[in-house]
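Number of protein chains: 2
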Amino acid sequence: MSTAAANPNETLSSGQAPARPGPQAVTTWRPLGLDTARITGGFWAPRQEANAAKAILSGRERLEDAGNLQNFRIAAGQGEGEPIGPIFADSDVYKWLEAVAWEYGRNPDPALLQMQREVTALVAAAQCEDGYLDTVVTLRHADRGRYFDLPWSHEHYCAGHLMQAAVAQVRCTGDRELLGVATRLADHLVSTFGEDKRHDVDGHPVIEMGLVELYRETGNADYLELARYFVDARGHGLMESYGKEPTYFSDRVPVREASSVEGHAVRAVYLAAGAADLAIETGDQSLLEALAGQFDHMWSTKTFLTGGLGARWEGEAFGDPYELPSDRGYAETCAAIGGIQWAWRMLLATGEAHYADAIERMLFNGFLSGVSLSGTQYFYVNPLQVRGEAHPDGDRSPAHGRRGWFSCACCPPNLMRTLASLDGYLASSDAGGLQIHQFAPAQLTSPALSVEVATEYPWQGRVAITVTAASPQPTALSLRVPGWADGATLSVDGDAEPVTAGEYAVVERVWSVGDRVELDLPLAVRHTFADPRIDAIRGCMALERGPLVYAVEQVDQPDGVDLDLAQLVSTADSHSEHRADLLDGVTVITAAGKAPSAPKMKGWPYPAQPGDLTGRDVELVAIPYYAWANREIGAMRVWLPATSA
Amino acid sequence: MSTAAANPNETLSSGQAPARPGPQAVTTWRPLGLDTARITGGFWAPRQEANAAKAILSGRERLEDAGNLQNFRIAAGQGEGEPIGPIFADSDVYKWLEAVAWEYGRNPDPALLQMQREVTALVAAAQCEDGYLDTVVTLRHADRGRYFDLPWSHEHYCAGHLMQAAVAQVRCTGDRELLGVATRLADHLVSTFGEDKRHDVDGHPVIEMGLVELYRETGNADYLELARYFVDARGHGLMESYGKEPTYFSDRVPVREASSVEGHAVRAVYLAAGAADLAIETGDQSLLEALAGQFDHMWSTKTFLTGGLGARWEGEAFGDPYELPSDRGYAETCAAIGGIQWAWRMLLATGEAHYADAIERMLFNGFLSGVSLSGTQYFYVNPLQVRGEAHPDGDRSPAHGRRGWFSCACCPPNLMRTLASLDGYLASSDAGGLQIHQFAPAQLTSPALSVEVATEYPWQGRVAITVTAASPQPTALSLRVPGWADGATLSVDGDAEPVTAGEYAVVERVWSVGDRVELDLPLAVRHTFADPRIDAIRGCMALERGPLVYAVEQVDQPDGVDLDLAQLVSTADSHSEHRADLLDGVTVITAAGKAPSAPKMKGWPYPAQPGDLTGRDVELVAIPYYAWANREIGAMRVWLPATSA
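As you go down the protein sequences, you meet chains R and S in turn. Position 533 (the first sequence) corresponds to 533 in UniProt numbering; numbering is contiguous. Position 416 (the second sequence) corresponds to 416 in UniProt numbering; numbering is contiguous.
What the hints contain is simulated information worked out from the structure, not anything from laboratory work. One or more of the hints may lead you astray.
[What the hints assert, rightly or not] Listed next, with one range per pair, are the computed distances between beta-carbon atoms: (1) R:P599 / S:A608: 25 to 33 Å; (2) S:A645 / R:A572: 21 to 29 Å; (3) R:G487 / S:A645: 32 to 40 Å; (4) R:A572 / S:V26: 53 to 61 Å.
[As the list claims (entries may be wrong)] Listed below are the simulated SDA-like cross-link pairs for lysine to any residue, each with C-alpha atoms no more than 25 Å apart in a straight line: (5) S:K602 / R:E352; (6) R:K244 / S:Q377; (7) S:K602 / R:K244; (8) R:K244 / S:R140; (9) R:K244 / S:G85.
All C-beta atoms, glycine included, are put in the ideal place defined by N, C-alpha and C.
Please build the complete structure, drawing on both the sequences and the hints.
Quick look at the structure:
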């Protein structure tokens, strides 16, 4: 691996970054890659280690057990039987292959390469002569033919994930076999789909991102043009007759005209991320502005405190503005991942700090809640409340805890590829300097400036940055000051100065090796309230500390506290304490609360007077939301009714 | 039609009542039928007239247009083409036939009889030689065979509705052709299903009610036994492998062991109603007690203020206890109907007033909201809130108003049969007297006592009862005093005495023709609150008056009132006024409110302080919930935040 990064504008193929803009791309910043941004310890490192040592390894077994790999063998003529699993089963293999590739970029373990090559060979063997590849459609629906039901058949969806995996392989291992498969498939798609060819789009976006990445890797503008076609073909009623409303498929309004996200949440944010890639590569400012407006509307009216996206189980969909129920909030793990991908592209394009804030919120909360501390048990759905009497119903139900896999297994390999490529979201560079977006112990290398970051974030608020290499010209070091970090200070050579929350603090100077900058972020417990239009949490408050949203879980509470009735005292101070022994080490919050007994009312629950909720004083204990459901499963709440007495 | 009713214990076949217990049945009371209980005017009469003159007539056209009738023609060899519509399409025809029969019982219009006979002949012609009948399965799934997928194929569901229609025909028209079809089908089912035959149950209950009714009409105990089998076969995992959790199908727990309702709401309440029929006919007290416990749990933790049932769109299902979201509450019209059917059977069995209270609440609110004032436009879903920015998505979405029909058209003919048979739910009798459960201008005839009821209910609270015939023995007249009617009085011969809300007021005496009893129910506007465990409406209040739940609809409010932010002043008096010109005549409520401007906060909607909701004083206008969405569609709320200033 290279240790000195080339200017990303100078070459097509270096830089082990996901969503790495091409040479003509119009962005404010360029991402570092896994070769130039490396997490070296702290909060994320053990999670990435578990991801590598356990999740990715067991992922292959899961794909074997669930039949995904066997489907490829059957299609390749190397196995027998009927294909099993959902119609998009191939995509799980591709996401897992992508995770293997990024992980190899972080840690070139020959065992990873061997797994990758075995599975890649299997994928290649299953490809049709003319480039078409979808094992389930080929084997299960031969009578109906290719693309017989594109809104549901997920053929482009699988292709998009294949392309992303192929690009990751080239960038991180140099292997080009999967890239060959992907380009043959892409060439087949180019010859098949378009305004003057088959005029149709897949019901589930992701191919837009895949094609742009493939264009970046190969320079073949046909792929960029096909991505453009798929983005622009949406919103013209192509999917009206497919059994769900066009809204579900993000097909009600053209992307450029939409003012919000709607419908199936993962579909919507994948589409937006792909459209952002397109805008970046084509310098399409009006498309970028449309996407910025959609992101703002989503973030201000359709996002849970955890950064979770998607209010509805029905259709796994965004709800109406301010429809954000704690109990039935869907907040699919994959939607948080798509949200991170979208926000990252917007951040690179615009240089606006709020996108990096959004990434942080999603990463530490709605994304990370999707995987257990062990790294191998998953949540598909990430609500903000589970009641004491909640009844588990289906493998996605959070009421019975995390699962090792799902009948629809999109989330686990999606988590794997994101954790394996997380280093790529830390920082970016431009000709004039280095920008640090996420805080973790790390080595960051950019053309103008290289630094080492030391921090105990998110448990402690100090981020210490030491220059390890610098150009002789004045260079800007930009540090995101999170929007929640009122009172933050930055010290350069020991002089602490206040910096503004929600912006980048920029220090421009001629740097010397050993120069040290310290960002201090205040980590007092925050009492957080909600816009009154969010009816589901009227009168409630939540606890936050730093980037972490907290949850009150039944197992931590004093005996006799009924979480369905407990309240938080909004006017009392809350306290935090680090507990190395708990949940692999977490800072817990202790907050004053009230524990009413169950109301005496029985029968009809709508009385002529509000219920009396006076109750005994208790200390409620909150843990980081991401860490819930790692012990016994019980009631859990992020939002509790606030009382002032 | 007979005018003097026989003792229902004495004969099998008289009494035009739905769910009429047989001679061996163990009940506290026996229902009157359409021949002995007749609504003569008032609130319900014009709704029944619209049902007869418009809905039932246009229903036949709808069934023609949607293909349901053509499916029968194709199956009968009288037509060509592919079957269309959902797999349960036959059931819409049967429910409509049932509506025609009850309506003929109310009003023997020869045109109804002609329609009935034409469609019945078509149904009979489509029946297979051996009694099997399901046009869609026969025509569309011939390759897979009968009962290929019973949890989804709805063959017993269709059969159950056929049986109910056949019984209604016999009771109201004397025609026995459909009864012949139903008994041939039932005999086929008896020979096919059972513990020692094919051990399987339909995913969608209703056949349990149908079989018990068929038993009551024919005296064939095989049908009762098959109903017993279907009730007891549930809850033993027969449907675990059918793509949804057993919960969805009410198949997780045996009926006799369940402590609550769960899963698909219509399935759950139909099953419970059928089990209640079984308990009544077999005198099974332990089953009845289990059902009573389930009803109580549903009513105290899983019922909306409107009596609506089913909290979730996903699976059209009951949620966890206290999961009752106003915005996404499903509250399917069919679930309210099933709830009424269940409560009616429990009322007859137990004589407990709270079941009649429940029927009243469902009838006037969550049931009646399902049909427009015109009688021909329907709601499938009946939420308690629609936001100003709600986006319609799918034909069930209340955000775009009522629809003339649905792709899944279960609700419209279900409304038709219920409105046509509504007279049957007014009153009951026993050897010692007459019980009046629902208040409407009516003539009620029972063996011991006949009366005429005059009332302007629900607009006015006086119910005047005049004796029209009486036995010479002391006889009890029992009048339900609704649970909400604190302060009610009863006057007999002019002496008003207080009576207890939530019980039956019983006057036992030797009655003379012309004796007059007046029940006075207080109709002051009620401010209603909620159990604090119902998180979705924390801090809110609703307006009620008599049996009616009220809704605040955008179109009635002063300019500039944003219903998403409006509040009700809980401490101020509210006023009611009858408006004959509005919505076919409704009493409106005017209540003191606050109209805040939209909060200044933008962007991230979770601030460090609660939003400031001070706003200008306004008078908010509320209309009965059932009448909403009969003008322009806009925001609507039953629950609004309560403020005390």
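Structure-based check of each hint:
no. : hint                        : result
1   : R:P599 / S:A608: 25 to 33 Å : 31 Å, holds
2   : S:A645 / R:A572: 21 to 29 Å : 25 Å, holds
3   : R:G487 / S:A645: 32 to 40 Å : 34 Å, holds
4   : R:A572 / S:V26: 53 to 61 Å  : 59 Å, holds
5   : S:K602 / R:E352             : 16 Å, holds
6   : R:K244 / S:Q377             : 22 Å, holds
7   : S:K602 / R:K244             : 33 Å, violated
8   : R:K244 / S:R140             : 22 Å, holds
9   : R:K244 / S:G85              : 15 Å, holds
Hint 7 alone, counting from the list given before, is not met by this structure.
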